[in-house]
Amino acid sequence: MNTGLEILAQVTVNGIAVGAIYALVAMGIVLIHKATEVLNFAHGDLLVLSAFSAWALIHHAGLPFWLVLPLVGLGIGALAYGLDAVVVRRIAGQPQFAGVMLTIALAFMIRGAVSMGFGTESQSYDTPWSGQTTDLLGVAVADLSLVIMGVVLLIAAGLWLFFGKTRLGVAMQAASQNQLAAHLNGVSVKRLNSLVWALAGVTAAIAGIFLAPLSLVDTSLWLITLKALAAIVLGGFGSLPGAVIGGLLIGLIEQYAGVYLPDGSRDIAPYVVLIVVLILRPRGILGEAHGRRV
Amino acid sequence: MRYDYHTRYRHGFALLRHRSDWIAYGLLALVLLAIPLFASTYLVGELGYVLILCVASMGLMVLTGFTGQVSLGHASFVAIGAYAHAWLMAQGVPFALSMPLAGLIAAAAGLVVGIPAIRVSGLYLAMVTLAFAIVVEQIIGMWRGVTGGFMGMLVETPRLMGYSLGAPRVFYYVCLFVAALVLLALANLMRSGIGRAFTGVRDSEAAAFSLGIEVNRVKIYAFGLSAGITGLAGALMAHHIGYLTPDAFTLLLSLDLVLMVVIGGIGSLRGAILGAVLISLLPNAVSALKALLPESVARQSGLEIFVAGLVLALFVLFEPTGLNGRWLKLRLLVETFPLYRRDTFRRQKAYMKSERNR
Amino acid sequence: MTARDTLLELDQVALHFGGLAAISDLSMTVHPGEVLAVIGPNGAGKTSMLNLVTRVFDATRGRILFKGQDIAALPRARIAHLGIARTFQNIELFDAASVLDNLLLGRHRFGAGAWWQQVLRTSALTRAEEAHREKVEEIIEFLELSAWRNARVAGLPYGVRKIVELGRALCSEPDVLFLDEPASGLNPEETRDLAFWIDDIRSDLGITVVMIEHDMALVGAVADRVICMAQGRVLAQGTAAQVQAHPDVIAAYLGT
Ligand SMILES: Nc1ncnc2c1ncn2[C@@H]1O[C@H](COP(=O)(O)OP(=O)(O)OP(=O)(O)O)[C@@H](O)[C@H]1O
Ligand SMILES: [Mg+2]
Chain A
1063 MNTGLEILAQ
1073 VTVNGIAVGA
1083 IYALVAMGIV
1093 LIHKATEVLN
1103 FAHGDLLVLS
1113 AFSAWALIHH
1123 AGLPFWLVLP
1133 LVGLGIGALA
1143 YGLDAVVVRR
1153 IAGQPQFAGV
1163 MLTIALAFMI
1173 RGAVSMGFGT
1183 ESQSYDTPWS
1193 GQTTDLLGVA
1203 VADLSLVIMG
1213 VVLLIAAGLW
1223 LFFGKTRLGV
1233 AMQAASQNQL
1243 AAHLNGVSVK
1253 RLNSLVWALA
1263 GVTAAIAGIF
1273 LAPLSLVDTS
1283 LWLITLKALA
1293 AIVLGGFGSL
1303 PGAVIGGLLI
1313 GLIEQYAGVY
1323 LPDGSRDIAP
1333 YVVLIVVLIL
1343 RPRGILGEAH
1353 GRRV
Chain B
575 MRYDYHTRYR
585 HGFALLRHRS
595 DWIAYGLLAL
605 VLLAIPLFAS
615 TYLVGELGYV
625 LILCVASMGL
635 MVLTGFTGQV
645 SLGHASFVAI
655 GAYAHAWLMA
665 QGVPFALSMP
675 LAGLIAAAAG
685 LVVGIPAIRV
695 SGLYLAMVTL
705 AFAIVVEQII
715 GMWRGVTGGF
725 MGMLVETPRL
735 MGYSLGAPRV
745 FYYVCLFVAA
755 LVLLALANLM
765 RSGIGRAFTG
775 VRDSEAAAFS
785 LGIEVNRVKI
795 YAFGLSAGIT
805 GLAGALMAHH
815 IGYLTPDAFT
825 LLLSLDLVLM
835 VVIGGIGSLR
845 GAILGAVLIS
855 LLPNAVSALK
865 ALLPESVARQ
875 SGLEIFVAGL
885 VLALFVLFEP
895 TGLNGRWLKL
905 RLLVETFPLY
915 RRDTFRRQKA
925 YMKSERNR
Chain C
77 MTARDTLLEL
87 DQVALHFGGL
97 AAISDLSMTV
107 HPGEVLAVIG
117 PNGAGKTSML
127 NLVTRVFDAT
137 RGRILFKGQD
147 IAALPRARIA
157 HLGIARTFQN
167 IELFDAASVL
177 DNLLLGRHRF
187 GAGAWWQQVL
197 RTSALTRAEE
207 AHREKVEEII
217 EFLELSAWRN
227 ARVAGLPYGV
237 RKIVELGRAL
247 CSEPDVLFLD
257 EPASGLNPEE
267 TRDLAFWIDD
277 IRSDLGITVV
287 MIEHDMALVG
297 AVADRVICMA
307 QGRVLAQGTA
317 AQVQAHPDVI
327 AAYLGT
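Residue numbers (the working numbering), protein chains in the order written: chain A, 1063 to 1356; chain B, 575 to 932; chain C, 77 to 332.
So that you can see chain A by itself, here it is in the shape it has in the complex (with noise of 0.2 Å):
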């Protein structure tokens, strides 16, 4: 028999893991927009790509699933470094609405060559862990779940150590910071830009080989961009602390309007929150607030 308190503790674990693939898909985008200020639209194809293609090298070439892994992860940077290399660079100055209408159109396109190329019948595959829990502190947790959260956690300390100590990494953050400077400076502005994609690139297959044992190998997965665009906005936009606690924030949200408030507002929760936020802190949760200069 469960108490509420188990309930609630078996809840907030749920909505962790959850969170933490909504906080790995929301750094993605973040990645790419403080480097180039363009909103990836297309992330979440990319992340059904990954998975659709995980899952075609497990059950057609029969590769095991610690080799997909890097396989994939390597193929989807080397596309996202190219599909910015060849399409979105030449946008480059342009309103953000330009961005975004670039990347919805690549949306629809690698969505398109995913139903043409995979089919549109859903599909699954198993990981090491799968069907596997663990006791933790006596709420149930499946062993999955846990990969997925040290994953995330390793990424964000990754990304963390990237920007703060690496040569490349603060060659990006400066080129973000002021992109005409980092040019003058001799900074290959094109060049890095298409690497940060081509590491938001790897960040999506990760994603999407890890989630998609969770749910599916579908299509559909690609909603979860709009989940991780909340949690980015909730975040404030364009940091990347910001969008770790805006998507593990979405995924408690989620998780807790499905237990204790009525049926069918788990799926809306997290819109109405972020609605509400951003009419009362128009920057998002750690967003700063500053208007343009006339």
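No lab work stands behind these hints, which were simulated from the structure alone.
Ideal Cβ positions, reconstructed from N, Cα and C, are used throughout, including at glycine.
Be aware that one or more of the hints could be misleading.
One side of the interface only, derived from the structure: several residues of chain C facing chain B at Cβ under 8 Å [to be verified]:
hint: 1; residue: H184
hint: 2; residue: R197
hint: 3; residue: T315
hint: 4; residue: Q318
Listed next, with one range per pair, are the computed distances between beta-carbon atoms [stated by the list, open to error]:
hint: 5; chain 1: B; residue 1: P674; chain 2: C; residue 2: R268; range: 51 to 61 Å
hint: 6; chain 1: C; residue 1: Q88; chain 2: B; residue 2: A588; range: 47 to 57 Å
hint: 7; chain 1: C; residue 1: A321; chain 2: A; residue 2: P1303; range: 51 to 61 Å
hint: 8; chain 1: C; residue 1: A230; chain 2: A; residue 2: T1228; range: 37 to 47 Å
Take the given structure of chain A and dock chains B and C with the ligands to it, following the hints.
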């Protein structure tokens, strides 16, 4: 080559300034009026649908094209218009009254969504509208008493003074009438003070304030107007579909509308119409294309969305002014032949203008 | 000096951005019919002063009196209706619109008819539009913009854009016109034209001009009175020669 000689300013304001305009648009009107007389019922129905989308696309153009406020959730106003209209008719409100009422209800919803627009802009606003649309879609699904929930809701046949307007050939004229009315009203509005205030708010809020434009009020009004027109399209859409379910008004419809205004050309009513025509005919074009492709490719279902994405990408990259821009270039080419210079329209190199601090 | 002589008065105004005091304890007056130049080193707070008057920012402290009315708490969009017009340091034009539409927007405060008149395009509205157009044509002629009348603003040369912005402000028939660095980015010929125009704006159109400007040649040529600001307050005022010779002013410009 033709020149604008006007002896009075009002000739310069006129919607149709040249005899050639009168002839061209007159012919177009004749063709549109005559179509039901010879086209197949299926085609007439499809064209009626195109007209409905033209209305919706003009509605979004008011907001995104003229005041620069991006909405990724306009399907919600189509839905509100459609359900409001269907519900009102089910309560016995006559068609001719229910239509404008549905528009007004959608406009009221637009005003409410417009309020956050005072505080947020750009991508934040896009997110608010997106979130609003998702919420509306779910609420329609849950509010069974009024909307029939996911089971759906039957729309009554439209009647005017005892005559049924339900037949596709008749309903086509209803759509044509509404579309023409909306087009005319908006064209007039956009060349008057309100239209100028809209573009003023879009291009520079600081300057708009300094000229005494109530920027916040203009933004909210634009939302209301845009939502109202889109709601009108929704009311027509209700009859076109005949049976309303929430999944007719998903994010994909919102994105389709955005596609129309972008591909048509931001900031022009002609663009809204051209874009609506292109996007609504795209699925037909794709199925025609499939006939030419090898069986294995044609069987796949992703082709439509792929082509839609491709077309959008090509426009964003190579023709940011959309079909309307293309049209203007072609017209200039014809008018100034053989003096047309390619670089008349060459884009000025834009410097990186950050929108982070807007 | 009697109250009648004062068009605009800033009374111990302050403006803080967080810890930074952009303006501290600024008091100054603008007299009707004069051309007043405001000079000062970068960051002196000149633009901030203008932004306070036009209600872009809320004053932290102090009163701003226009024709005796305190405007420091008015809504931003009310300012134009009182007869205050301005240009911007980094041109704020309606880029996608034509020169004509930009100038017509300058007429906004005189009304554009009820919405239903606009939708129906009634003949009364057409007549009103014609009247606006006539006024706009006067300004076009005055500033010699007729070659650009139907051109999109976005593609125009920088100098022309500055003049269009000036024209737009004039279309609102203000009592006082603020110009934020009108000559920056103009070539010598354009600057000379500007000097004549400013003179005409004051004497023919009867508009009081407050000009923020770095170009001392222009200031010396057109300004009746000069105020030098530094670090958010008035450092010196008087004729151009007096201000330029003032030891504090010299020190401020040398950065000591
Ligand atoms: N929106 C703002 N937020 C924060 N600080 C501001 C803002 N606007 C101006 N400042 C600061 O206020 C001070 C005065 O700026 P202001 O623009 O008024 O100077 P200015 O005299 O017009 O200089 P310039 O000659 O360079 O135009 C500067 O230190 C500036 O950085
Ligand atoms: Mg300044």
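Checked hints:
| no. | hint | result |
| --- | --- | --- |
| 1 | H184 | 5 Å, holds |
| 2 | R197 | 4 Å, holds |
| 3 | T315 | 30 Å, violated |
| 4 | Q318 | 32 Å, violated |
| 5 | B:P674 - C:R268: 51 to 61 Å | 59 Å, holds |
| 6 | C:Q88 - B:A588: 47 to 57 Å | 55 Å, holds |
| 7 | C:A321 - A:P1303: 51 to 61 Å | 56 Å, holds |
| 8 | C:A230 - A:T1228: 37 to 47 Å | 41 Å, holds |
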